[in-house]
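Participant: Add chain B to chain A, keeping to what the hints say.
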Amino acid sequence: MYHHKHVVVIYPHPDDESFGVAGTATKFHQNGIPVTYLCGTLGEMGRNMGTPLFANRESLPEIRKKELKDACNILHMDVKMLGYRDKTLEFESTDEIAAHLLTYLEDIKPTLVITHYPDYAVHPDHNAMGAAAVKAVGKMDNDVRPELWVQAITNDRHQTLGTPDVNIDTEDVFPTKMEAIKAHRSQAEGMLSRMRESPDFIGEYEEALKRLQFEEFYVWKFND
Amino acid sequence: MKPIQIENVQRELDRFQNRDVYLHLETTNGAYAKHFDKNASNAGAFIRNAQVRFTRAKIVGGTDSYRVGLKMDIGWIYAEGLADWEVTEEDQLLLAGHDAEGRLTVALQISEKPFRY
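First to last, the protein sequences are chains A and B. First residue of the first sequence? That's 1 in this note's numbering, and the numbers climb one at a time after it. First residue of the second sequence? That's 225 in this note's numbering, and the numbers climb one at a time after it.
Next up, chain B with everything else stripped away, as it sits in the complex:
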């Protein structure tokens, strides 16, 4: 993955507008958080291959990470802390945030076909 360039990512988001697409949204601090620090709490959530249709998509820049909001007819999808992006060979848009050690902290991914696995 490479650091987000806001114009390019916005262009990618635009191409998924008003179409039925598959979404992977995830955030986590890992299943071992409490094991390694008893004061931590394990928190995480993911939804994989949710079929959605959004009418508007926007990426907004912070100083070192970005937020994305996807507006649907009756709701919203939101992710914060995105810093890296990639378009795969299968034309999937992958957006992610990582901590200093390269651990995934948040992921927002959009694809016209279901994600594998």
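Excised from the complex, chain A in its bound form:
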């Protein structure tokens, strides 16, 4: 994977990059490969407001913008904020979002793009952003088209999609990943505690963390 020249990550929410791809991105950085994050929204509609409360619905966007910058500093990712609104991506035009993404891709000329697996990414924003990213990459000519890795996070992903094509063990950079996750102060503890308590997860905190240690992707195959 270290033959890549530039990696672009496309997800909708501040913290998707830290939970999803922080270890992989850190490894790319350590090998001198720049990583750019195109972040769709500011997570304006997030529910976690901190314990004790430190955010409200109106202050949350600025708080999450700051957290995003902090996390991207830790991960050495260059972040571009696309300005969509949380929870609304699936109602936007996929073509318009794809055209918007394409302006970045044509400028950056990545050799690898990472996004969510459309329809297998749980959150409607994830699915919509993934679909737009797949469309954008698909519009690129064969000779300049980057490799495309898509990340599925449904609980039954292995049953429905089979074994992932790429499975990256991030153990050696895991402290950096956790540092990035925790930079998302308003969201991280809430998400980690839900993983800890969920009846559908293995249950143990350590086991939940182990899920985060492996970052797995499917390689998207275009038909042309």
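Worth flagging that the hints you see were computed from the coordinates, not collected in a lab. Note that beta-carbon positions come from the ideal geometry of N, C-alpha and C, so glycine has one too. Accuracy of the hints is not assured; some may be wrong.
[To be verified] Subject to a maximum C-alpha distance of 20 Å in a straight line, what follows is the list of computed EDC-like cross-link-like pairs (lysine to aspartate or glutamate):
{"#": "1", "chain 1": "A", "residue 1": "LYS135", "chain 2": "A", "residue 2": "ASP224"}
{"#": "2", "chain 1": "B", "residue 1": "LYS258", "chain 2": "A", "residue 2": "ASP119"}
{"#": "3", "chain 1": "B", "residue 1": "LYS258", "chain 2": "A", "residue 2": "GLU189"}
{"#": "4", "chain 1": "B", "residue 1": "LYS258", "chain 2": "A", "residue 2": "ASP156"}
[What the hints assert, rightly or not] With beta-carbon atoms standing in for the labels, derived distance ranges:
{"#": "5", "chain 1": "B", "residue 1": "ILE298", "chain 2": "A", "residue 2": "GLU96", "range": "35 to 41 Å"}
{"#": "6", "chain 1": "B", "residue 1": "PHE270", "chain 2": "A", "residue 2": "HIS158", "range": "31 to 37 Å"}
{"#": "7", "chain 1": "A", "residue 1": "HIS76", "chain 2": "B", "residue 2": "ASP238", "range": "32 to 38 Å"}
{"#": "8", "chain 1": "A", "residue 1": "THR103", "chain 2": "B", "residue 2": "ALA269", "range": "29 to 35 Å"}
{"#": "9", "chain 1": "B", "residue 1": "SER289", "chain 2": "A", "residue 2": "LYS66", "range": "26 to 32 Å"}
{"#": "10", "chain 1": "A", "residue 1": "VAL144", "chain 2": "B", "residue 2": "ILE298", "range": "53 to 59 Å"}
{"#": "11", "chain 1": "B", "residue 1": "ARG235", "chain 2": "A", "residue 2": "GLN30", "range": "54 to 60 Å"}
{"#": "12", "chain 1": "B", "residue 1": "ASN232", "chain 2": "A", "residue 2": "SER59", "range": "17 to 23 Å"}
{"#": "13", "chain 1": "B", "residue 1": "GLN275", "chain 2": "A", "residue 2": "HIS158", "range": "46 to 52 Å"}
{"#": "14", "chain 1": "B", "residue 1": "THR287", "chain 2": "A", "residue 2": "ASN73", "range": "43 to 49 Å"}
{"#": "15", "chain 1": "A", "residue 1": "GLY162", "chain 2": "B", "residue 2": "VAL311", "range": "52 to 58 Å"}
{"#": "16", "chain 1": "A", "residue 1": "GLU106", "chain 2": "B", "residue 2": "ALA324", "range": "45 to 51 Å"}
Facilitator: Structure of chain B alone, referenced to chain A:
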């Protein structure tokens, strides 16, 4: 935000009566509810920057949370489970309810100017 004091919130509600105001109303259990518990269902709704005019506003106290009803000429606006409040620097009235982990469960917000974002 701080715990609701009913007299202060009632006074804030009163100042928005009979004026065109912008409203944010929201309730949700989150987009990941089913992901973390297959027996749960994702439920949520929000309306942002709805322009409304109410003729009467009242907050009613429960033991640990409050209900607010806003009466309009031809309808009602209602929110339940409100426990915390704040008036922002921009003079917006924010009312919200949270679960034990600090997750927003309901929000009712009123402003004379449109909410940003």
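Participant: Looking back at the hints listed earlier, which ones does the structure fail to meet?
Facilitator: 7
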